[in-house]
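Note that the protein sequences, when read in sequence, are chains X and R.
Per our numbering, the very first residue in the first sequence carries number 208; after that it's consecutive.
Per our numbering, the very first residue in the second sequence carries number 208; after that it's consecutive.
Because the hints were derived from the structure by calculation, they are not lab data.
Source: prediction; values computed, not measured.
Glycine included, each C-beta is placed from N, C-alpha and C at the ideal position.
Among the clues, some could well be false.
Stated by the list, open to error - Examples of chain R residues lying across from chain X (beta carbon under 10 Å, computed):
1) A239
2) K278
3) L283
4) L376
5) E378
Unchecked claim - Heads up, simulated EDC-like pairs for lysine to aspartate or glutamate below, C-alpha to C-alpha not over 16 Å straight-line:
6) R/K346 - R/E316
7) X/K519 - R/E316
8) R/K317 - X/E270
9) X/K519 - R/D406
10) X/K317 - X/E348
11) R/K250 - X/E516
12) X/K250 - R/E270
Protein chains: 2
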Amino acid sequence: MADISSLDLSQVKRELIQANWDCSIRGLIHGATRAAELAYCLKTTKDTDGDIPKISQLDFQQEHDVYMLAKSYFDLKEYLRAVHFLKQSEFTSSVTYFLYMYARYLADEKRRSYNMTDSFTSMGASVINDDLARIKVLKTELSTKHRKKELDGFCLYLYGVVLKKLDLLKEATNVLLEAVHQEPLHWGAWQELNTLIPDKETLLSLSLPNHWIKHLFLAHMYSELQHTDEALKIYQKFVDNGFANCTYIQAQIAIAHDNSRSFDQAVEVFMKLRDIDPYRLENMDIFSNILFVKENRMELAYLAHNVCEIDKYI
Amino acid sequence: MADISSLDLSQVKRELIQANWDCSIRGLIHGATRAAELAYCLKTTKDTDGDIPKISQLDFQQEHDVYMLAKSYFDLKEYLRAVHFLKQSEFTSSVTYFLYMYARYLADEKRRSYNMTDSFTSMGASVINDDLARIKVLKTELSTKHRKKELDGFCLYLYGVVLKKLDLLKEATNVLLEAVHQEPLHWGAWQELNTLIPDKETLLSLSLPNHWIKHLFLAHMYSELQHTDEALKIYQKFVDNGFANCTYIQAQIAIAHDNSRSFDQAVEVFMKLRDIDPYRLENMDIFSNILFVKENRMELAYLAHNVCEIDKYI
């Protein structure tokens, strides 16, 4: 089993940098961020020459023009415009195909949230059916490609997300498992998977890739399923092996303490986290709940003030 | 004078692709989009080998880690978080320095718009002074670097924007002129410049870089200053030299016709534009004004319906 303590951290870092890049060019901002956070804390001693990923020329050669234009519109959140130009592409690159399908998915999501906010009271069956019809179209296209084994790890992730939306939870689980096998360093796929696992028995029955990141997923699941000791043991191993200052792992340790009601320890870790990542909003809701339970009014007031201040800049 | 008809379009395209990349890594989405739109329509016959820009290893070597993390937070619009990590950097790369200053600028802008919306009625002098103080800090830092000639074309652009905010219009004009000399293909700098030029006399007195893109700027200015014929002549030259399907240029032609009250011609070009870029919202306000003036109720209703539909997906 690929254990973090037995690995070459320069290699781990190189792979994380590549994952950041792979997510970033596909508009997967959260996946890119997680990979960046994990890579950032690793201070490898080796020369970092060659660490910086290159755009795969082969991949993009034929479709770089349309990719460049569509990604610009995508970044401006003009998803339909991105889709319009991408659909004229031949999809010789898996990146343009992913961007095409992902932009369609995000456009549909925007449309759905518009329908929900704008006409909540009067939202008739026809509107709900339209939303459903759109996501079913995506599902049909992705499942055809899936049968032909034409989906890469990122498209498998998207297919899993679509299946989840349609409440096809067993299929979603299987497809997301395929996704993490093909792209283990895309954290988004693990994250989608974790909400589909109700108990430890199911967790242990899954065939997970033999990759160091699996342990971060297991730790996350153990923490959520109240097996805190097991979770903390894994996180400690990461801390001991180069990830001591990783904000993601520190936050997860704090959350695990919270899940096991070790509030004092949780507060301690959250305070440390605040030192290294003072403008973080992620997980601060949990910190604030703990401070409330502990009746730590001073810290709560300080946190609340900080969060409100940060929010003014976002 | 660098005239588009005398240039190698493969080279022009290569430079535009590089400009798209340079803007994109700095979070300048609009600049990246304009370069992409100009590049996209150029169908060069030459082999495009080598067209795809590479991340400059030299530039990033030392600071790729912090860049990667900060850019992720930047893309999530968590500007203060990006700033926090970037400020620990030594800024050996002009890219990280730009991102650091730009994230600070955008954070300040967010704060300012928060102050304006949240407490419009009660906004006291102290709040306005705070906003002003923050932008002055940026100005001071940038002007020190400027004196030492340490600002690249993108930082000069940002410095120009900051000077404009402080109503230092003469200084802003000079700095933006430096910016377009250093980075002529960053359209954002031209765009900032164009609002600073009140008349043709001022326009002709400026020392502009001898670069083909200058002509697009001149055309834009001529159009705004009601010298429509001169504007259209320039745009036509671009159309005749490879840019026939460029959405930006088609839109500019339509706007020039509108400026000279040639409404029928404007409508015609807008209709053509709609065919190639059906999900465009940019400039559709102008199209709708023309249709209103022309009392073209059918088209107006169609346009209004389309715009509302597109808006649901954004």
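Status of the hints after comparison with the structure:
1. The interface hint given for R/A239 holds, since its Cβ lies 5 Å from the closest Cβ of chain X, which is under the 10 Å cut-off.
2. Among the interface hints, the one on R/K278 holds; its C-beta lies about 8 Å from the nearest C-beta in chain X, closer than the 10 Å criterion.
3. At its closest, the beta carbon of R/L283 sits 6 Å from a beta carbon of chain X; the interface hint therefore holds under the 10 Å criterion.
4. Look at R/L376: its Cβ only gets to about 27 Å from chain X, farther than 10 Å, so that hint breaks.
5. At a threshold of 10 Å, the smallest CB-CB gap from R/E378 to chain X is about 27 Å, leaving the interface hint violated.
6. Among the hinted pairs, R/K346 with R/E316 is consistent with the structure: their alpha-carbon atoms are about 14 Å apart, no more than 16 Å.
7. Taking the CA atoms of X/K519 and R/E316, the gap is near 10 Å; set against the 16 Å cutoff, the hint holds.
8. Straight-line distance between C-alpha atoms of R/K317 and X/E270 comes to about 36 Å, which puts the hinted pair past the 16 Å bound.
9. For the given pair, X/K519 sits about 39 Å from R/D406 by alpha-carbon distance, which is inconsistent with the 16 Å threshold.
10. Taken as a hint, the X/K317 and X/E348 pair is broken in the structure, with Cα atoms around 20 Å apart against an allowance of 16 Å.
11. Proposed proximity of R/K250 and X/E516 is contradicted: the alpha carbons are some 49 Å apart, above 16 Å.
12. Of the supplied pair hints, the one linking X/K250 and R/E270 holds, its CA atoms being roughly 12 Å apart against a limit of 16 Å.
Comparing the model with each earlier hint shows violations of hints 4, 5, 8, 9, 10, 11; every other hint is respected.
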